[in-house]
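Number of protein chains: 2
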Amino acid sequence: MSLIHLYDTTLRDGTQAEDVSFLVADKIRIAQQLDELGIHYIEGGWPGSNPKDISFFKEIKKARLKQVKIAAFGSTRRARSTPEKDANIRTLIQAEPDTVTIFGKTWDFHVHEALRISLEENLELINDSLAYLKQHVGEVIYDAEHFFDGYKANPEYALKTLKAAEDAGVDCIVLCDTNGGTLPHEIPPIMEKVQAEIGAALGIHAHNDSECAVANSLMAVQCGAVQVQGTINGFGERCGNANLCSIIPALKLKLQHDCVTDEQLANLRTVSRTIYEMANMIPRKHQPYVGNSAFAHKGGVHVSAIQRHPETYEHIRPELVGNVTRVLVSDLSGRSNILAKAEQFNINLDSKDPVTQEILENIKDLENKGFQFEGAEASFELLMRRALGTMRHFFSVIGFRVIDSKRHEDEKPQSEATVQVKVGGRIEHTAAEGNGPVNALDNALRKALGNFYPQLREVKLFDYKVRVLPAGKGTSSVTRVLIESGDKETRWGTVGVSDNIIDASYQALIDSFLYKLIRDYRAEG
Amino acid sequence: MSLIHLYDTTLRDGTQAEDVSFLVADKIRIAQQLDELGIHYIEGGWPGSNPKDISFFKEIKKARLKQVKIAAFGSTRRARSTPEKDANIRTLIQAEPDTVTIFGKTWDFHVHEALRISLEENLELINDSLAYLKQHVGEVIYDAEHFFDGYKANPEYALKTLKAAEDAGVDCIVLCDTNGGTLPHEIPPIMEKVQAEIGAALGIHAHNDSECAVANSLMAVQCGAVQVQGTINGFGERCGNANLCSIIPALKLKLQHDCVTDEQLANLRTVSRTIYEMANMIPRKHQPYVGNSAFAHKGGVHVSAIQRHPETYEHIRPELVGNVTRVLVSDLSGRSNILAKAEQFNINLDSKDPVTQEILENIKDLENKGFQFEGAEASFELLMRRALGTMRHFFSVIGFRVIDSKRHEDEKPQSEATVQVKVGGRIEHTAAEGNGPVNALDNALRKALGNFYPQLREVKLFDYKVRVLPAGKGTSSVTRVLIESGDKETRWGTVGVSDNIIDASYQALIDSFLYKLIRDYRAEG
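From first to last, the protein sequence lines are chains A and B.
Following full-length UniProt numbering, the numbering of the first sequence begins with 1 at its first residue and continues without gaps.
Following full-length UniProt numbering, the numbering of the second sequence begins with 1 at its first residue and continues without gaps.
Hints were generated in silico from the structure; no laboratory data involved.
Check each hint, because a few of them may be wrong.
Same chains, same label: a pair holds when it works inside one copy or across any pair of copies.
[What the hints assert, rightly or not] Below 27 Å or equal to it, Euclidean Cα-Cα: the simulated DSS-like pairs (lysine-lysine) are:
id	residue 1	residue 2
1	K61	K254
2	K69	K412
3	K160	K69
4	K62	K369
5	K447	K422
6	K364	K52
7	K447	K52
As the structure is a prediction and not an experimental result, all values here were calculated from the model.
Excised from the complex, chain A in its bound form (with noise of 0.2 Å):
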């Protein structure tokens, strides 16, 4: 099938989004990896609209990218003047980029209320703009603003914008859902009426304020559009723009259409997670292709299907997009997610044999209580590896004891924990201060166990999650603790349930030392 051309607006329209802003060293290093992802153009900023859009295409010609194109983005001249005048367009040019795309009114009633001028005027200043800019530019592209809430309110209107557009000779011209509003079935109609007046090269621009962006994108490429703008993760204004994420492997994938390799395609989780960081958000686990838990299962029918054959409940295979399948363990599932499991960790679990029927009714009843094991696989792995009796006898703790306190009203509260832990026989009493009674916990079990297990100071605490559970009947609340630990080559969830929120912390803690002692025992055979 065709070439479509992946045009992304991370850096422009990304940055519209509440919580998302990047420093100008954060644009290169997102730029370079969209070049590595065999994105075919970057927009990379208004440099009409500030300083540090400008800085960009200064320092962006010092990365030594592969292929990309870098575009700069602008509006059309102001009303009144002309565009040698028009300071907008002089920074545009002034920026030197591959390629321009300016955005133009298609709306009526924007052309009425916003800018405030005549129909006809806005088409002068459309193509006038254009046709300078095509002078100057090796290449433009034309963003027809509101086209598809242009074209319901006056059809006539809104095809003139794009034929004064076309008359400029301008590249491609890219139809916008800029509040996001269209929904598909309306796509197919519009798109065959523009076919009809318009021979340029058509691109799609959608906003995911319907839920319907990547839809959208997909079905004006089914259309004919060949350019589709988004942006990786789906950032964008209010609810985001179309998600690349999503689109890159349904138009190789689903639609066979020419635009990434298979290799670059299989760096897409490793692209989505890393500007996730840049952004310093926390990645969509639920994101489809690229989350965690895209390919996660955790219905015991769904389980023992994929077991046998992914593509009885996986619509693509994982690793195509760089991602894993995953087995999840709960009150839903059955014998084949804990042999799954099992087998996961190296641990040898026959389904006939009595113990996996006592895993299962183990993990019902705690679940019952409270428990939850997905995002604590490490407590799981100990839940298995006591009913195998497989497991070590590191330490025992006979006690702790915590005290908050804060003796006067200005006072900063004081935490401290004493813990008495006996390792081979010797008994270990110490004491340590933290932030809060879990932090003071932690140090010191970690004080206490750490003259016998040092690697114990390895590891640390990335992660503290609370629940409180709704109370059952005549009985109170319960607590439920996980934790996230790592070291410095892995990470690990563990999980503790009680009524007292210091208890239900001890346990997860408890759980996350013996997972390490575990962990470096085997790896030491």
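Given chain A's structure and the hints, the job is docking chain B onto it.
Relative to chain A, chain B alone:
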């Protein structure tokens, strides 16, 4: 336009999402919310698969639901058996739901590989399972699992499976995109073929693996589907199910289909957030229609335009779904929010009063520290009263100490709190035990203050939520505690933030007691 039936499977398919797990009490509360929202069917669970789901069907009978039908989910009978002997089918009937929904195999590959029976045998078990259920339950729905993949692989056989269901007198046949791999342009030609052969009412059940679940559902409705299955917030296995929070407003506002009332639609955002809360998940900020950023404007061009005409950059009016327009990075909008809130609390505040600016700065500062006043409006009212100097001095707490200890491995941990409070010059020093440190602290505070303010004994704690906020650069993480309290008349929320969870809880408890006292004194005049 015609009535579209909304079928919610948050409680069944939704719980197959990684990290989503509900207790029976949660499920009942969610069902009540969905009933209020005007959902037509609630799929409560799979009674054949786990005991939690069986007890849901018992408990839900006691909930006073208005109009919603409760559906139980299961599968066609096992091979080499009969429907009356099938344990799964018997459990479905015993659950006594209004509606039973079972799924069967459409895809020949699954018949061979998963069921390991002949294609003919599969048709029989679809037909006789449904016919048997139709004799015992008022309404029977058939989920044609993997319909679209099955149709693409073997259209003739896929249609035969639907015919087998239709012949059993089923009330609705739901076309499932189980793996979520279908793209929107594929829906119309396939549905046209189905409608040429099948006269039964059709539904759609889409998954979001291609980020097209909402689009595919709306396409199917355009092609004549009269039932849409989905979940609130799109919870569900892997990448989730079709998101009803995006489908409902599109059906009602854009396609003019009858489904929920205007009042119900205006409650959409509240339902979305409540269900996030019950799943202990952070709401997705950029979620279409209901997210905090869905109508948030950042770009300068957009902001000035929407202030004159919101439709310039908003596809619908946010208040229709219970949301609001937000202008980011603007003191102006901050000020108007404060004034609106003050009015709500009957506090006289002038926009030119410097105290308004002070409150605004105070809030920004507190929000930076991790405070959040959504769901903690009582703390917000106290903050305003303190700034205005209209806060009576009821008591001061000099200090507290909480001790949690566990002396032996098998012992239950003990919690004891001591507090020192000062009321009208008198110091009270008291101690109390509790289930966990927060409960102990709560008991001790009530005991100490109750001697002076007996009405504090009426205060009950309804909910207690803890969120550990991600650590900033170089600082330790911060804990936010939200408490919901109430007396026989009303409920209120308070908040506390600290790097120590006990201290954060203590702040929220104190605010809760203060708020109770303010309300009572105000009531007395």
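For each hint given before, does the structure comply? Return the numbers of the non-compliant ones in rising order.
Violated: hints 1, 2, 3, 7.
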